[in-house]
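Model the full assembly from the supplied sequences, consistent with the hints where possible.
Single-letter residue listing:
6 protein chains.
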Amino acid sequence: MSKIVIYPGTFDPITFGHLDVIQRAADLFDKVVVAVLENAAKTPLFTMDERVDLIKKAVENFSNVEVDIFHGLLIDYAKSKNAIAIIRGLRAISDFEYEFQMALMNRKISEGITTVFLMPHEKYTYLNSTIVRELARLQADVSDFVPKFVVDKLTNKFKKA
Amino acid sequence: MSKIVIYPGTFDPITFGHLDVIQRAADLFDKVVVAVLENAAKTPLFTMDERVDLIKKAVENFSNVEVDIFHGLLIDYAKSKNAIAIIRGLRAISDFEYEFQMALMNRKISEGITTVFLMPHEKYTYLNSTIVRELARLQADVSDFVPKFVVDKLTNKFKKA
Amino acid sequence: MSKIVIYPGTFDPITFGHLDVIQRAADLFDKVVVAVLENAAKTPLFTMDERVDLIKKAVENFSNVEVDIFHGLLIDYAKSKNAIAIIRGLRAISDFEYEFQMALMNRKISEGITTVFLMPHEKYTYLNSTIVRELARLQADVSDFVPKFVVDKLTNKFKKA
Amino acid sequence: MSKIVIYPGTFDPITFGHLDVIQRAADLFDKVVVAVLENAAKTPLFTMDERVDLIKKAVENFSNVEVDIFHGLLIDYAKSKNAIAIIRGLRAISDFEYEFQMALMNRKISEGITTVFLMPHEKYTYLNSTIVRELARLQADVSDFVPKFVVDKLTNKFKKA
Amino acid sequence: MSKIVIYPGTFDPITFGHLDVIQRAADLFDKVVVAVLENAAKTPLFTMDERVDLIKKAVENFSNVEVDIFHGLLIDYAKSKNAIAIIRGLRAISDFEYEFQMALMNRKISEGITTVFLMPHEKYTYLNSTIVRELARLQADVSDFVPKFVVDKLTNKFKKA
Amino acid sequence: MSKIVIYPGTFDPITFGHLDVIQRAADLFDKVVVAVLENAAKTPLFTMDERVDLIKKAVENFSNVEVDIFHGLLIDYAKSKNAIAIIRGLRAISDFEYEFQMALMNRKISEGITTVFLMPHEKYTYLNSTIVRELARLQADVSDFVPKFVVDKLTNKFKKA
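If you're matching them up, the sequences are chains A, B, C, D, E and F in order.
If you're matching positions, the first sequence starts at 1 in our numbering and goes up one per residue.
If you're matching positions, the second sequence starts at 1 in our numbering and goes up one per residue.
If you're matching positions, the third sequence starts at 1 in our numbering and goes up one per residue.
If you're matching positions, the fourth sequence starts at 1 in our numbering and goes up one per residue.
If you're matching positions, the fifth sequence starts at 1 in our numbering and goes up one per residue.
If you're matching positions, the sixth sequence starts at 1 in our numbering and goes up one per residue.
Derived from the structure by calculation, the hints contain no laboratory data.
We put the CB at the ideal spot given by N, CA and C, even for glycine.
Incorrect hints may appear among the rest.
Computed spacing ranges between beta-carbons, pair by pair [said to hold, decoys possible]: (1) A:Asp68 with C:Asp76: 49 to 59 Å; (2) F:Asp76 with A:Asp27: 47 to 57 Å; (3) A:Leu138 with B:Thr130: 53 to 63 Å; (4) D:Lys157 with A:Asp68: 50 to 60 Å; (5) B:Lys57 with A:Asp27: 49 to 59 Å; (6) B:Glu38 with F:Asp27: 47 to 57 Å; (7) E:Asn156 with F:Asn61: 51 to 61 Å; (8) B:Ser143 with D:Thr155: 39 to 49 Å.
Derived pair list, reagent style BS3-like, types lysine-lysine, alpha-carbon separation capped at 25 Å [as the list claims (entries may be wrong)]: (9) C:Lys148 with E:Lys79; (10) B:Lys123 with D:Lys148; (11) C:Lys148 with C:Lys57; (12) A:Lys42 with B:Lys157; (13) D:Lys56 with D:Lys79; (14) F:Lys56 with F:Lys148; (15) C:Lys148 with B:Lys31; (16) F:Lys31 with E:Lys79; (17) E:Lys31 with F:Lys3; (18) B:Lys79 with E:Lys123; (19) D:Lys31 with A:Lys81; (20) B:Lys79 with C:Lys148.
What follows is the structure, encoded as structure tokens:
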């Protein structure tokens, strides 16, 4: 039976840290579904369509990675995809706390799914999308943190703004 | 002299984690005042009246627990109640930081009051009201986390919404 | 019914941090038993008799504190004393981890006993017996950390050595 | 290609926390090698033969788990087994630090292997072999923490001692 | 060559914790520039002019401290000032995480600048501007946390409100 | 007045992480004294003479770094050198705790000296001498972690052993 895993997130925008985790997951499992969260509560910088497009471009060389949208309960979504695990990137302590909380809550609701924590390369330890957006807003060079076509999109966003 | 303690919080809504702490405090001290915070800055899901009602129902079998409302400075409120201590539930690291900060600040202002940290059962380690509200909003079953009559209230809230 | 609590430790030697916790516990409960651990695995600097004597001298002004020796399982000892809780001083993160671990293990074995965490004054946040011994060994002045008669005992120990 | 993973440790003795991690790993991957560390520096309570026997008994119902001994560098051993990942159980913060350190050091030496962190059930969050040995030495009941045949072995050890 | 350092922040308002860090930095380096952040995203309690005035009053006895305003990227600002380092006060774990993240991001963008962490006195370990504002709003006495002229300004703010 | 700082440690052996901290300190201050600790309690892998020689070789290109030996109380030693600060490398959380403890204890004894925390490059975040010794003992290649002449010394040590 094919081993399918879900890598959920907001990806606003996708970073090299996310890609490092996707690469590792794609090596370990048969299929990785990058599941972009539709979150009514927060206004993202990039629209859902833009975020999905940027991820698709970033993963186009992986044969076993697909990109999808989800809303509602992660655990229900994971079941609908026949996933055996949820992938989370672990960076630092603050992450760790939150991720544990989420993983345990998911488990309470559905014992049949496991959370797998993967550690991105240490050069991405302190990288996240919020910082990338903040740096881009201040016109800093973010090409060490996101792919070239994301840099361009960010530059555009903050030109218009 | 009767040993009175205060257990302050927002309780939006009360969870099994809170109840576990209340149970322990009720065993250790003569009287426990569950003090619900009137917080102008945040809009709670449940009104003050609803929150107080849910707590009253949840603690109706405890003979030495009462429910009250407070606003203003916790330390002044505690003194007005002749309390000897403030009870806090300790869950995980992030809690720990914040609780320490609050406890020390309270102490600076009033040396005569101590903060007592109680640890809820480990099955509630990662439980909090925010997560319960989020799960209920997504129509997840939260009956492992809150009493039956709170489940019903949450179901109602998110039906109307 | 009288509320008895146990404050266990090695107390090698007792510090102002320990005394701060004892003071708080004595205010909150009817009786505090300071229980000195007989630990076959470690060689303490002070003998059991010396440690007990130093604690007795340090707590002689408290009417509801007694000093005792224990070996074996803390939870069995606590029951034999009709204690309703175990007191632990919480200092910093590393403590927190270890104390949680111990508290949960104790609870697994005996649901009927609770661990109560008290926070010493922030000026004692980073104080422990190991550091006091190390500083005394290096002839540093430790009179900010331990009572005068403990300073004298330490000076003696490291003169003889 | 078959996905093989290594779960290394001292297992002195194996606990329900370890078994929970093994169960999860066995669901996620094609083969799990439980690799018992021959560590010259520490004297374990159980001999290597005893530890291997206890693990074998504990995993006898898993068709895709095998038990092996290793010494030397974990990364070399993993390669010799054609493993694609090393499995580590994540419990609490202190673990997290150490595990990160080890995972990064392994990666420096061999980029081709990933560390996968799995979280045992929260009821095992604070469980480890050291605590089990300590509790057994003090004649506490450890049957909530280790399988029945490990309880018996521990009872024997501490009768003889 | 003169050693110039930057101490950036929002200072809404300046506290004794900040002043303790400024004092230490002024002893270690030739010049300290306290750089107040113009942050479009947050509405501070005090205007930029008020914050700068309060800092200037607080540091008027230091001969090698100046106060300045900055917006944009911290690293660009530091370079324009010929600074060799950025000063950060380290308080507790949550700080530590965030500060590491910021320091590493700054380094990625400009290898030539170092972040220097100074630890304020332990009595300020849990002090920050947010707590001071909250306490002042509730009419608590904050004279242990901020200079007298800041107390007065806070009292004024919350009288008008 | 010349700004002198002390960088104390065991340096058993010196690593690239230490050198990264020394480099930063040498840029910030007029003179850096690398002070090697004579510790009667632990048996180091390298003798004091060997450790001093390796550090001297490693810092020979810095004009303002000197190497020295100390025993006794760090704070007394720092004063005897007219140092204005003690330098510590901050790596991860566990470090942080210990370093805070030490820094506060030093401050209690001598208010006139400050601890300055510098963060090594993130690629050295999880590097320490213990891990280097352990890897070398297992014949792993440690040339990413220590200078070439330290690699050779380590290879020799573990050949003889």
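Query - Agreement of Lys31 of chain E and Lys3 of chain F with the hint, judged by alpha carbon distance not exceeding 25 Å - result: holds (13 Å)
Requested in this report: Starting from Lys56 of chain F, check that the Cα of Lys148 of chain F is at most 25 Å away, please.
Outcome: holds (14 Å)
Report task. Using the beta carbons of Lys57 of chain B and Asp27 of chain A, state whether their distance is inside 49 to 59 Å or not. Result -> With Cβ atoms ~52 Å apart, the hint holds.
Query raised in the report: Taking only the CA atoms, is the gap from Lys148 of chain C to Lys79 of chain E under or equal to 25 Å?
Result: The given pair, whose Cα atoms are some 53 Å apart, is violated under the 25 Å limit.
Query raised in the report: Taking 25 Å as the top limit, are the C-alpha atoms of Lys79 of chain B and Lys148 of chain C close enough?
Result: violated (35 Å)
**Report entry** Given hint Lys157 of chain B paired with Lys42 of chain A - CA-CA distance at most 25 Å
**Finding:** holds (21 Å)
Report task. Can you let me know if the beta-carbon spacing of Lys157 of chain D and Asp68 of chain A is within 50 to 60 Å? Result -> At roughly 53 Å between Cβ atoms, Asp68 of chain A and Lys157 of chain D fall inside 50 to 60 Å, so the hint holds.
Query raised in the report: CB of Asn156 of chain E to CB of Asn61 of chain F, is that within 51 to 61 Å?
Result: holds (58 Å)
Query raised in the report: Should the hint that Leu138 of chain A and Thr130 of chain B are 53 to 63 Å apart at their CB atoms be regarded as holding?
Result: Given about 31 Å between the Cβ atoms, the range is violated.
Requested in this report: Would you mind confirming whether the straight-line C-alpha gap from Lys31 of chain D to Lys81 of chain A stays at or under 25 Å?
Outcome: OK: Lys31 of chain D and Lys81 of chain A at ~24 Å, within 25 Å.
Query raised in the report: Measuring from beta carbon to beta carbon, are Asp68 of chain A and Asp76 of chain C in 49 to 59 Å?
Result: holds (56 Å)
Query raised in the report: Keeping to a limit of 25 Å between CA atoms, is the pair of Lys31 of chain F and Lys79 of chain E held or broken?
Result: It holds: about 24 Å lies between the C-alpha atoms, which stays within 25 Å.
In terms of the numbered hints stated before, the structure departs from hints 3, 9, 15 and 20, listed from lowest to highest.
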